[in-house]
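Trainee: In case you want the letters, here they are:
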Amino acid sequence: MSKPDESGEDVDPDDGVVDLQSEDHPLERDEPADNRKSAAEREAIAAETEKYDARKIVTGEAKYTADYRTRFPELAEATIVRSGIPHGRVIDVDTSAAAAMDGVHAVITPWSEEVPDTLYSPSGQSYPEPSPWDTRVLSEHVRYVGDRIAAVAAVDAETADRAARKIDIEYEEYDAVFDIWDATDPEAPQLFAPEEVENETTGADYEQNLESHFEGEYGDPEGVIADADEERVLETEWETPYQSHCVPEPHTSIVYTDEDDRYNVITATQVPYHTRRQLSHVFDVAIRDIRVVKPRVGAGFGSKQEMVVEPVALALHRAAGIPVKLECTRREEFYALRNRHPMDLTMRTAVDEAGDPAAMDLSVRENSGAYGTHGMTVASNVATKAFPLYPRVPNMRFEGDVVHTNLPMGAAQRGYGAPQGMFVVEGHMDELARQLGEDPIEFRKRQAVREGDLDRAAAILKDDDRFARRIRSCGLRECIERGAAAIGYDDIGQPDDPHRHRGVGMALCAQGSGVAGKELGAAQLKMNEDGSFVLQVGGVDVGSGNDTMFTQIVGEVLGCDPADVVVKSSDTDFAPFDYGAYASSTTYISGRAVKKAAREARDRVLEWASRMLDEPARDLETGGGEVYSEESGASVTLEEVGYESVYGDEDREHIMGQGHHATDESPPPFGAQFLTAVVDETTGEYEVEKLVFAADCGVAINPPLVEGQIEGGVHMSYEFATSGTLQFGEAGQPETVGFRQYGMPRPDEQPPIESIVVETHEPTGPFGAKSIGELPTNGVPPALSNAIRDAVGVRITEIPIEPEDVKAALAARDGA
Amino acid sequence: MQVELELNGDTERFEAAKTDSLLDVLRKNGYTGAKRGCDTGACGFCTVIVDGKARNSCVVPASKADGSTVETIEGLGSQSDLHPVQEAFVDNTALQCGFCIPGMIMRSTALLGEDPDPTRDEIREGLSENLCRCTGYEKILDAVEDAADRMADESGAVAADGGHPGSGCDGPCGCEPGGGGT
Ligand code: FES
Ligand code: FES
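Those protein sequence lines, which keep their order, are chains A and B. In the working numbering, each residue carries its 1-based index in the first sequence increased by 2. In the working numbering, each residue carries its 1-based index in the second sequence increased by 15.
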């Protein structure tokens, strides 16, 4: 690569606006006056509010689904019988020995009358799901080792397990395919016959095991790359593996029929409303006859953005006639449930005479595994999340193939394609900078997105401009500067041992805040007479602290203590609608809904206070648990307003507010991942010493919870880069079935993580907030590849990074 | 079979099957604070203290536990009167989904019982049987360090005021035992 002519120091931020104008995406935006508060004006937001559920968690009183067992005098426990072969047809299931056992309540197979034959998508996505309808409650045609064939409900789990082992399955075995490049060969075994799947997405071709093929571009990337001199084109290839969610609480559901003859489902889910709709579809039961309740959930990370075990539990409940609990084992979590999709990726760029990237072309081939849940959407997010880091590159192209194999299915996992996208794009951009002879950080500072840019990359796969977006907040440069300072970028020093080399790596990260144009959050706030509030909200807290964030938003609007807000969330009978906890949507979407509900309630509070104080409502303010007049200094407490509104002589009203939020906006939070690693040149072994992540998530509603998201996300990302993956035998047999084999980092294995919160203000978010949940999951693989490159000059493009790979690359470097 | 436990200070007798683990017995009898994360001794979510030692209760056969002294999260502190370790986890926001937390707190409590002033690396080592998927461990390490300080302050307070632990902290005086410490 030739060196650029100019160093590009300190680009004026004003030339940040890409000169592509769009009336649909103006830079300016109306923002309610109360949305922007200086640090000094904030009461409840940005404060260290105690986590809403903290006390019940530390005392062991928080109830997760399996803990509800004590509520049921009679409760059957269940086990799923899974396929032992990677591909075939179940010819016969002999359940007689199992069914005859003492304590067995029910045994179901694909042919049981309680088990519908309906095709559905288990993906917890909006309706109609963009994922194919390719799944049945139980399968005759099994497509991976772990596919569900039968299930047992018995007096306890032990009995159910014993009965399950007595079930005899006869298969007709088919050829299987495990490799994504072999799978599209015309000779390859076909996983889905036409009548076995309904798929509306582009480019599906099941004769080639293609769940989807898509492409999108703008400008003329092909032409620019073809016309560029060879030394101005860089092509790199990358590979990413399966990653387990290692979800702390295994998938668990309890299903029973209540006294109103309605199905009640207590379940560990991120998507109660989607699950209710999908159960209604699968079992042909009216939505009104199903109630889905989310108790405390032991996290999801996307694994519970799915209707996974609920339909099996419901079918068993129908067969057994008593409440049924289905709790998966850790073994099942690893080999049979959900994972991050493996991918092979290729990236090409061409740089212009000035040394700026003129074209980018990224192609991905994703292993969807045996079923297509989230297959196409995750693959599309590879570029639609990573390309927006560089929206001024005028020519962009992206294509993807989503391929079925006889291996476990991928699904949603925290980051949702972005970790793979950032690995490629940020590894590639670092390599490009180095080959241009530039400092990789300065290079990216110059090229990366700025406030004011119009980002078309997020919409590269769309037919029109509706989902292009104006970047209204971007703290990326501050993230880079503060991250660099924290890692000691300017002087990292070298170990004494001459064989050991320290390198520093950085990767930029971006995500979204909800799925643009496909979200709805809703909330209702009711005032109690003592001035406290009950918030009913669909938003789903699976551990990250959304319930706490909601109380802070209510507190900020109404001037009450967040502790005076009781949250009742995620019960489809009592809480307003919400799409669920995914796509980093809860603060941005559900938080806005809560804010609107609180504002509506506040209007009524002010109206009542105005009568009580005999002053116009427009002169009144809320704060410190009171409504007060700036004019006269008079005030009433929220409690006085509460009592007066409910028990007043002349008039009475239950003060309430409702809010819902839907939008085409999805502002990206940004971040910079830094790390230092020491590489031993003789062995290829490396050690990550320290991880620093600086995040711009707008205004952090609860800074310690934001730091928690960063640290947890970086942990998952570190694992993705270094240790976690699933191994399979030659016949697709799972070999990784437990935590110890898998290699999830333990407290003594996890390098220290420093989190830095960089504040910007996102005018479309509640009090300036964007999302944080997924962003920090994206950076360690590219940052580590870049650090190793920095340390010893070799480029590793496959994760998890094994010492042997580094050693082999070093040997190649030295011409061995 | 019957299992007798000295459980959180009370003598309890439970019915148990031969194959039951201590975790099974606890959970079947309403002690659901200990969680089942793997059932193979690999995650630590089920940690309780057996005869003074932190153990993964899913791999302790109920028959072996018979006659032992068992402490679970239910016996530690209550929501309005937290144990210093619990308090430190709350004040350091050292928890997210919480599924690992009862086990983590029992392990930390046992650790601080053995070593009241561990270094950060010793805490990492001491907690290495316990996984957490949510926190990246940073705030948990902060919490255990903070808990050590709080407990040292408390025992310091005992010495200074002649042996009245927590005096001046039980009433509604608004003071913060351990100094808040976040
Ligand atoms: S459940 Fe006991 S160690 Fe995992
Ligand atoms: S807080 Fe979720 S596993 Fe530790």
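A hint or two may mislead.
[Stated by the list, open to error] What follows is a list of derived Cβ distance ranges for each label pair:
#, chain 1, residue 1, chain 2, residue 2, range
1, A, Asp573, B, Met16, 37 to 47 Å
2, A, Glu689, B, Asp130, 22 to 32 Å
3, A, Ala102, B, Asp130, 50 to 60 Å
4, A, Leu121, B, Gly67, 31 to 41 Å
5, A, Gln729, B, Asp168, 28 to 38 Å
6, B, Met16, A, Met658, 26 to 36 Å
7, B, Asp168, A, Glu737, 21 to 31 Å
[What the hints assert, rightly or not] Okay, the calculated bits of chain B under chain A, using three or more residues with CB under 8 Å as the criterion:
#, region
8, 54-66
9, 71-84
If you're looking for bench data, these hints aren't it; they were derived computationally from the structure. Just so it is clear, CB atoms sit at the ideal spot from N, CA and C, and this is done for glycine as well.
Trainee: Taking the hints in turn, state whether each one holds.
Mentor: Hints versus structure:
For the pair Asp573(A) and Met16(B), the beta carbons lie near 40 Å from each other, so the given range of 37 to 47 Å is met. The hint said 22 to 32 Å for the Cβ distance between Glu689(A) and Asp130(B), and at roughly 26 Å that hint holds. A hinted range of 50 to 60 Å holds for the C-beta pair Ala102(A) and Asp130(B), which are about 55 Å apart. Between Leu121(A) and Gly67(B) the Cβ separation comes to about 56 Å, which falls outside the hinted range of 31 to 41 Å.
Hint check: Gln729(A) to Asp168(B), Cβ distance near 49 Å, so the stated range 28 to 38 Å is violated. Roughly 56 Å separates the CB atoms of Met16(B) and Met658(A), a value that falls outside the hinted 26 to 36 Å. Under the hint 21 to 31 Å, the C-beta atoms of Asp168(B) and Glu737(A), about 50 Å apart, miss the expected range. Judged by the Cβ-Cβ criterion of 8 Å, the region 54-66 of chain B is covered by chain A as claimed, because 5 of its residues qualify and three suffice.
Chain A is given as covering the region 71-84 of chain B, and this is violated because 0 residues of the stretch bring a CB closer than 8 Å to a CB of that chain, at least three being needed.
Violated hints for the displayed structure, listed by number in ascending order: 4, 5, 6, 7, 9.
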